[in-house]
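Colleague: Below, each chain spelled out in residue letters.
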Amino acid sequence: MLSDELKRITGHELEERQPLKHRLHVCMGTGCISAGSDRVKTALETELRVMNLDGTYAVTTGGCRGLCAAGPLVAIDGDTNIAQRVTTENVPELVQRMTDLPDSLRLPTEMPFFRNQKKVVLEYSGNLDPNRIDDYITAGGYTALNHALTEMTPAQTVDEIMRSGLRGRGGAGYPTGLKWQTVAKAHGERKFVICNGDEGDPGAFMDRSVMEDYPFKVLEGVTIAGYAIGAQQGYLYVRAEYPLAVKRLKSAIRQAEKIGLLGSNIGGTPFSFNIDVRLGAGAFVCGEETALIASIEGKRGHPRPRPPYPAARGLWGCPTLINNVETFSSIAPIIRQGADWFAGIGTEKSKGTKVFALSGRVNYTGLIEVPMGTTLREIVFEIGGGIPDGRQFKAIQTGGPSGGCIPAEFLDTPVDYESLAALGSIMGSGGMIVMDDTSCMVDVARYFMEFCKTESCGKCAPCRIGTAQMHDLLTIITAGQATLEDLERLEKLCDMVRSTSLCGLGQSAPNPVISTLRYFRHEYVSHIVDHHCPAGVCSALSQPQEAAE
Amino acid sequence: MNSNVVTLSINGKEVSGRDDETILELALENGIQIPRLCYLEGLSIVGACRLCMVEVLGAKGLIAACATRITEGMVVQTDSERLAEYRRSILEMLFAEGFHVCSVCVANGHCELQTQAAHAGIDHIDLPYLYPRRKVDASHRLFGLDANRCILCTRCVRVCSEIEGARTWSVSGRGIEAHIISDFATPWGESTTCTSCGKCVQVCPTGALFMKGASTAELEKRTDFLSWITAMREQR
Amino acid sequence: MLPSQANVPAPPSDDKRWRIVTATMRRHGFGTDALIETLHSVQEAFGYIDDDALRFIARGLRLPPSSVYGVATFYNYFTLKPQGEHTCVVCMGTACYIKGAAHILTALQNRLSVKAGETTADKAISLLTARCMGACGLAPIVVNDGEVAAQTTPEASVTLVEEWMSDAVG
Amino acid sequence: MDKIKLATVWLDGCSGCHMSFLDMDEQLLALADAITLVYSPLVDFKEFPPDVDVTLVEGAVSSEEDLHKIQMIRQRTKLLVSLGDCAITGNVPSMRNPFGPEAILERAYLEDGLINPVIPTVNVPPLLKTVQPVHTVVPVDVFVPGCPPPAGVIYEAVAALTEGRTPNLHGLTRFGK
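Residue numbers (the working numbering), protein chains in the order written: chain A, 13 to 561; chain B, 5 to 240; chain C, 113 to 282; chain D, 3 to 179.
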């Protein structure tokens, strides 16, 4: 029944597209909008009308293609013919030479940035209109939900996810299937699914982009999870700082409800499921599961001791499944193409692909998706196009405030959960910030500690006071006023805060310090002993000869 | 609720208890002291002070004894050089965070922070003092709040919510700026929810909440009322 | 029993925007879990959350004042003070920081004679920071009255606030 | 056995620690066999000698004079003992720290309804921005907390040092005792 409906919508959509010669997808991601893509879209529509082409050419809203720095991007029909840095001025030129773009406009899509990626979460990248469920369905959307509801039992659905080897994309990489199974087996009349879209890591915007571009895919993943674990209600917990994502998700929920893909008896089956959006309000700690639950309950985002885990006692005391946006976005492709297909991508222990937000001192900044096991070198120097201005690569920061800085000698490390952990960093949610020799690693550590200090919820003593003390110590080191005893104090605090804090925020807050001490200890010593900042960042120490006395 | 009897070892001693008991409860029953500040029998568990962290064989990291239930065959160590060092460090941080001038405090000699520090052998604070500028609220007719002495154990918040039911207290702000407030950060004396029962004062482990009129070292607190109230409510 | 219409407290004033706030509470059945959503609706309607709003929410959702205040001050997104006519938000996310966001912030602080999080004395401009706007590919960014200035500089940022300043004078 | 050379100094404190020292009563006689008092507010030596074995410091470091003094003393002393809470924690003198020295001087010299309200500048050492515990400005070897530390504890500490032992004061004293 559901499949008939999906076929009907697809048929109708294709019929509509029949008379069209070309479809122009204008990127309407946050990046391109801030570069003026909304004005470009209007100009394109006007130009086509003026040229009397509006019957055979369609202008649609497209999603992000990842290369935000080249925006606004306009794709003609697909992934190979793309115009970059489009402005209202060069719209007429674009329309005239649509199939033969001038070099000034043509985006070289054969470049490694595009060629070396593999898109699972970001499939149909840029060619889907995130505002229209028909577009998503025509591209094969909701066939996974249909398949699960009609061909699979909930237990088989859990099993499929288990066999795919998918691991949580939000941080520590807990096996997703195992988590689903625990919640599925937990006793409880009511159960909940929560999609964590409170992307808090500074330097990470994967989830923003996924929510903006693939709202239906997120909904489909959450709905399948609801079916698999026996939940009736799902929540999307989204950062209030992402208004576009909130708007598109809310609209997506309404559209899905309208055609019976959410609500009572979905697709004529006994399964009923609703989804609501809840806004985050600017607290990094709410990425922690128990704090997130407290926040949805309308409370201060304080974590609580685990166990009991949310899988047993979560939202309002009921068994609750929490995964992040990217994890849920991997679900539909897995159900559609099978666990074996997904498990065939990536490494032995880290399956599938991972989306990264590549930024910092690298030529091509933006959103990328690569198979697990791709080396850091490939990401930075091929996909990212290397370091600009002829400068030297110094480190790549992964995992945000809970992660670490990885130096050049480990560039050939394949990116997977275990390898990054072995280097003292973590996969995290997928921020990758490239640093060159203009970055001071002590200053970077201080920056992250300041973040953790202001984001500490204040509940447990080690994190609340420890992050403040560590931040003070790092500040005096960057000011050239510290002693080697202060460095010893800092290391002791790192160990204590890591070992005794209540939640992951505190336990991982020392990581940026520990990893920079591991690989760049000489920079700390240089600040303390020689009163010299090798990168010339710490302004109090910018004159090495004078300060060295 | 059904509970089973389990056997485990604490500090090498074989002990047994019900599996709905926590490590801390069982340790105390067996005369084994574990340092603690936020825990108070009769109030809910928050696991905030982290002093009661213990080592459990096979566990990934340290475990908060107040918040962890016992299981069969558990091997618990409540004291080690590593734990002692962490506890000293946490206590030192608490001293450095607020402004604890023991010599002129109403709770001098009866303060749990002071006592824990003495037990831990703390004879000076190695970390820099943060010297915050915190308020003293003397607007209440009977009681006062000196935020300089507050260690954010939230016993006052919990006793007011869970026992008295007034929910006058909460924590405001976050991180190092977090502090205790009454109502809308209203002066305590102008609170419309406070019943002036004084339970918060009694459970406060330091001199942060005090009875007016008490002079240095005069304020002894008593928390025995909690077990009476709990027992009587259970009977009801 | 769910609170009926009669139990809804009277709004602090006859300002129509209170209807939005009441509607938010009603949509959530006046449950205590509506607190954060309701605070969002006040902030969106009024730009900040004042004492009257806190009292209104406490009565409407039957929450103790301390809980409402505790939650409102826990989350960075909420502000209890009115903002300036213009807002200038400097993103301090990692990518922006690596590309010099601190210099932009310093330049703006010096030009406006306020610190981050403060509003100029004439209430014209609020200078704010964000932990990350999620537009790292365009770093460093500054958001002026909702408009993203991508790959910006201290000079360009100062020029823009100077335009606001001269508007205010003129 | 050679007597050890003992000095005591009084920085920003109330002299209570010195009073407690004197409270040792007859134990002072026992100490007298083991020590020579070479500098102290209790006796009239003008110069701090260059080679002191043990110095007991009462009081926090509050002024520039305190700072110079303690740095000089540290150089001339083998074992430096922080005696009492003021030396160890800053104690009561440090209560001005959240407010700053100006506020305290104004309060003391201008606002208290004096006949001649003026902040003294001559013969008065400038105050440091914050009052500091001794160990934050120079290394300290032994800490004897208490306000004041009980006489018996001071005796135990000094006696141990004269015998070449590390004093073990655990359980004998604490902050505020």
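Note that these hints are calculated values from the structure, not bench results. Do not take every clue at face value.
As the list claims (entries may be wrong) - Okay, the calculated bits of chain C under chain B, using three or more residues with CB under 8 Å as the criterion: (1) 180-194; (2) 238-252.
Stated by the list, open to error - With a straight-line cut-off of 27 Å between C-alpha atoms, the simulated DSSO-like cross-links for lysine-lysine are: (3) 80(D) with 7(D); (4) 311(A) with 19(A); (5) 262(A) with 19(A); (6) 7(D) with 71(D); (7) 131(D) with 71(D); (8) 311(A) with 235(C); (9) 5(D) with 71(D); (10) 227(C) with 128(C); (11) 71(D) with 48(D); (12) 48(D) with 7(D); (13) 19(A) with 197(A); (14) 139(B) with 128(C); (15) 504(A) with 130(A); (16) 139(B) with 131(D); (17) 80(D) with 48(D); (18) 225(B) with 179(D); (19) 33(A) with 19(A); (20) 311(A) with 131(A); (21) 5(D) with 80(D); (22) 311(A) with 139(B); (23) 5(D) with 48(D); (24) 262(A) with 227(C); (25) 131(A) with 262(A); (26) 216(B) with 179(D); (27) 131(A) with 361(A); (28) 33(A) with 197(A); (29) 139(B) with 193(C); (30) 64(B) with 504(A); (31) 259(A) with 311(A); (32) 131(D) with 227(C); (33) 139(B) with 179(D); (34) 139(B) with 197(A); (35) 361(A) with 225(B); (36) 259(A) with 128(C); (37) 259(A) with 270(A); (38) 139(B) with 216(B).
The beta carbon of each residue, even a glycine, is placed where N, CA and C say it ideally should be.
Colleague: Decide, hint by hint, whether the structure agrees.
Modeller: The hints, checked one at a time:
1. 180-194: holds (count 5)
2. 238-252: violated (count 0)
3. 80(D) with 7(D): Holds: residue 80(D) and residue 7(D) sit about 10 Å apart, inside 27 Å.
4. 311(A) with 19(A): violated (44 Å)
5. 262(A) with 19(A): Distance of about 24 Å is within 27 Å: holds.
6. 7(D) with 71(D): Measuring from Cα to Cα gives roughly 18 Å; hence the hint holds.
7. 131(D) with 71(D): Distance ~17 Å between residue 131(D) and residue 71(D) Cα, so the pair holds.
8. 311(A) with 235(C): Distance of about 32 Å is beyond 27 Å: violated.
9. 5(D) with 71(D): holds (25 Å)
10. 227(C) with 128(C): violated (34 Å)
11. 71(D) with 48(D): Between residue 71(D) and residue 48(D) the Cα gap is close to 13 Å, so the pair holds against 27 Å.
12. 48(D) with 7(D): holds (16 Å)
13. 19(A) with 197(A): violated (35 Å)
14. 139(B) with 128(C): violated (38 Å)
15. 504(A) with 130(A): Outside the cut-off at roughly 43 Å; violated.
16. 139(B) with 131(D): holds (21 Å)
17. 80(D) with 48(D): At roughly 20 Å apart (the allowed maximum being 27 Å), residue 48(D) and residue 80(D) satisfy the hint.
18. 225(B) with 179(D): It holds: about 18 Å lies between the C-alpha atoms, which stays within 27 Å.
19. 33(A) with 19(A): holds (23 Å)
20. 311(A) with 131(A): violated (38 Å)
21. 5(D) with 80(D): Holds, because 14 Å separates the two Cα atoms, which is no more than 27 Å.
22. 311(A) with 139(B): Satisfied, since the Cα-Cα distance of roughly 25 Å is no more than 27 Å.
23. 5(D) with 48(D): holds (21 Å)
24. 262(A) with 227(C): Measuring from Cα to Cα gives roughly 36 Å; hence the hint is violated.
25. 131(A) with 262(A): holds (25 Å)
26. 216(B) with 179(D): holds (22 Å)
27. 131(A) with 361(A): holds (19 Å)
28. 33(A) with 197(A): Cα-Cα ~52 Å, so violated.
29. 139(B) with 193(C): holds (21 Å)
30. 64(B) with 504(A): Satisfied, since the Cα-Cα distance of roughly 20 Å is no more than 27 Å.
31. 259(A) with 311(A): Distance ~24 Å between residue 259(A) and residue 311(A) Cα, so the pair holds.
32. 131(D) with 227(C): Distance of about 23 Å is within 27 Å: holds.
33. 139(B) with 179(D): OK: residue 139(B) and residue 179(D) at ~26 Å, within 27 Å.
34. 139(B) with 197(A): It is violated: about 51 Å lies between the C-alpha atoms, which goes past 27 Å.
35. 361(A) with 225(B): Roughly 56 Å between the alpha carbons, so the hint for residue 361(A) and residue 225(B) is violated.
36. 259(A) with 128(C): Holds, at roughly 24 Å.
37. 259(A) with 270(A): Holds: residue 259(A) and residue 270(A) sit about 17 Å apart, inside 27 Å.
38. 139(B) with 216(B): Given that 27 Å is the threshold and the Cα spacing comes to 16 Å, the pair holds.
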